[in-house]
Each structure stands twice: as structure tokens, then as C-alpha cells.
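Novice: Sequence:
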Amino acid sequence: MLARARGFLGLISALLVMTALLVVLLRAGWHPGDDVGAGSPLHHAYRQATTVTWVGIVACQIGTAMAVRTEHASLRGVGLFTNKPLLAALAGVYVPVVHTVLGTETLSAGQWALVAPFPFIVWGADEIRRWHRRRPGAAPISSVTGPDRVQSGSAAGVVAVPDPS
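For the sequence shown, position 142 matches number 167 in my numbering, and the numbering has no gaps at all.
No wet-lab data here; the hints were simulated from the structure. The structure presented is a predicted model; accordingly, all values stated were derived computationally and were not measured. It is possible that some hints are incorrect.
[Unchecked claim] With a cut-off of at most 20 Å between alpha-carbon atoms, the simulated SDA-like pairs for lysine to any residue come out as follows:
| hint | residue 1 | residue 2 |
| --- | --- | --- |
| 1 | K109 | Q86 |
| 2 | K109 | H124 |
| 3 | K109 | E130 |
| 4 | K109 | I82 |
[Claimed, not checked] Label-pair restraints from in silico Cβ distances:
| hint | residue 1 | residue 2 | range |
| --- | --- | --- | --- |
| 5 | G162 | V120 | 27 to 33 Å |
| 6 | H56 | H124 | 24 to 30 Å |
| 7 | D60 | G135 | 20 to 26 Å |
| 8 | S65 | R94 | 42 to 48 Å |
| 9 | V122 | D60 | 34 to 40 Å |
| 10 | P121 | L51 | 25 to 31 Å |
| 11 | G32 | K109 | 23 to 29 Å |
| 12 | V120 | H157 | 44 to 50 Å |
| 13 | R159 | P121 | 40 to 46 Å |
| 14 | V48 | V122 | 22 to 28 Å |
| 15 | V123 | H68 | 17 to 23 Å |
| 16 | G32 | R159 | 16 to 22 Å |
| 17 | A63 | R159 | 49 to 55 Å |
In this text, a Cβ means the ideal position worked out from N, Cα and C, and glycines have one as well.
Take the sequences, apply the hints, and build the full model.
Specialist: This is the structure in C-alpha cells:
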């Protein structure tokens with residue numbers, strides 16, 4: 026489960042967050058090497074891009090947390106709104122006091138719209154992965170091949186790895 030959360034879902038989250046950061050900066054007219062420090066014309070955009078990054082990370086973590094709640098069952102079976110403190114975490118990044126501590130800014134509606142689908146993209150990617158594993162004829166998740174070998178299955182093939190115990 027940890028490999029799934031940090032590997033598969035982590036890579037998706039990193040791509041989403043980095044894309045959002047660049048979209049905000051590029052829309053503001055930033056080019057690589059431009060000054061974004063205090064007093065520069067792009068400083069406000071840089072702070073908004075930082076905020077989009079923080080909010081995007083939290084949004085992706087919400088999607089990851091929803092995705093890893095179960096290995097096989099779909100989120101529909103577990104329930105989307107059963108972990109209310111997790112859903113409230115998104116608001117925690119956006120409290121005005123946090124702006125001072127993290128160097129963030131208020132986001133525009135378009136910037137919120139950019140980040141809003143992140144939890145659903147992360148969760149949806151894992152739902153597709155789970156659906157692929159549940160379908161008839163899919164490779165097994167794991168099976169024992171001998172006393173010192175474990176067979177790890179995937180859609181791409183089966184690889185024998187040493188037993189960690």
C-alpha cells in the first residue's frame with residue numbers, strides 16, 4: 026500500500042502540482058530566469074503559484090487518502106464523505122494567518138478551479154488501477170512460489186522477488 030501511495034499516486038500528484046505551479050506562473054507572464062523576489066512585478070504571481078502548490082498538495086493527499094482506504098473495494102463502497110477531518114484539511118492551508126507563515130496569497134476562482142479536480146484525478150487513477158486488478162483474468166496481486174520467493178503480479182507481467190521475512 027505504501028508503494029502505491031508514494032509511487033503510483035505520488036507521481037500523479039507531483040505531475041499535477043508541478044503543472045499547476047507552472048500554469049499560474051506562465052499565465053502571469055513568467056519566463057525561466059525572471060525575478061520573482063519581493064518588489065518584482067511577478068512576486069504576487071509567485072506567491073499565488075506557491076499557494077496553488079500548497080493547496081494542490083493537500084488536494085492530492087485527500088485523493089490519495091481516499092484511494093488507499095481499501096486495496097480492492099471501490100470508494101463508492103467505502104463512502105466519499107466518511108472522513109470529515111480529512112476534508113477539512115484543505116481549508117487549513119487557506120487560513121489567512123497561514124499566508125504570513127507560508128508566504129502564500131489569496132487565489133482567484135480560476136486558480137481554485139485549476140486545483141479542484143486534483144483529488145478526483147488521483148482517486149480516479151487508483152479506481153482504474155483497482156478495476157483493472159478486479160477484472161477476470163487479471164494477474165494476481167501476489168502469490169507464494171516457494172519458501173524464499175514471493176511472486177509479485179502486475180498487468181505487465183510477474184516478477185519473482187526475495188521474501189522480505
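Novice: Now tell me, hint by hint, if it's right for this structure.
Specialist: To see whether the hints hold, each was checked on the structure:
| no. | hint | in the structure |
| --- | --- | --- |
| 1 | K109 to Q86 | holds, 14 Å |
| 2 | K109 to H124 | violated, 24 Å |
| 3 | K109 to E130 | violated, 25 Å |
| 4 | K109 to I82 | holds, 18 Å |
| 5 | G162 to V120: 27 to 33 Å | violated, 50 Å |
| 6 | H56 to H124: 24 to 30 Å | holds, 26 Å |
| 7 | D60 to G135: 20 to 26 Å | holds, 24 Å |
| 8 | S65 to R94: 42 to 48 Å | holds, 43 Å |
| 9 | V122 to D60: 34 to 40 Å | violated, 28 Å |
| 10 | P121 to L51: 25 to 31 Å | holds, 27 Å |
| 11 | G32 to K109: 23 to 29 Å | holds, 28 Å |
| 12 | V120 to H157: 44 to 50 Å | violated, 39 Å |
| 13 | R159 to P121: 40 to 46 Å | holds, 45 Å |
| 14 | V48 to V122: 22 to 28 Å | holds, 27 Å |
| 15 | V123 to H68: 17 to 23 Å | holds, 18 Å |
| 16 | G32 to R159: 16 to 22 Å | holds, 20 Å |
| 17 | A63 to R159: 49 to 55 Å | holds, 52 Å |
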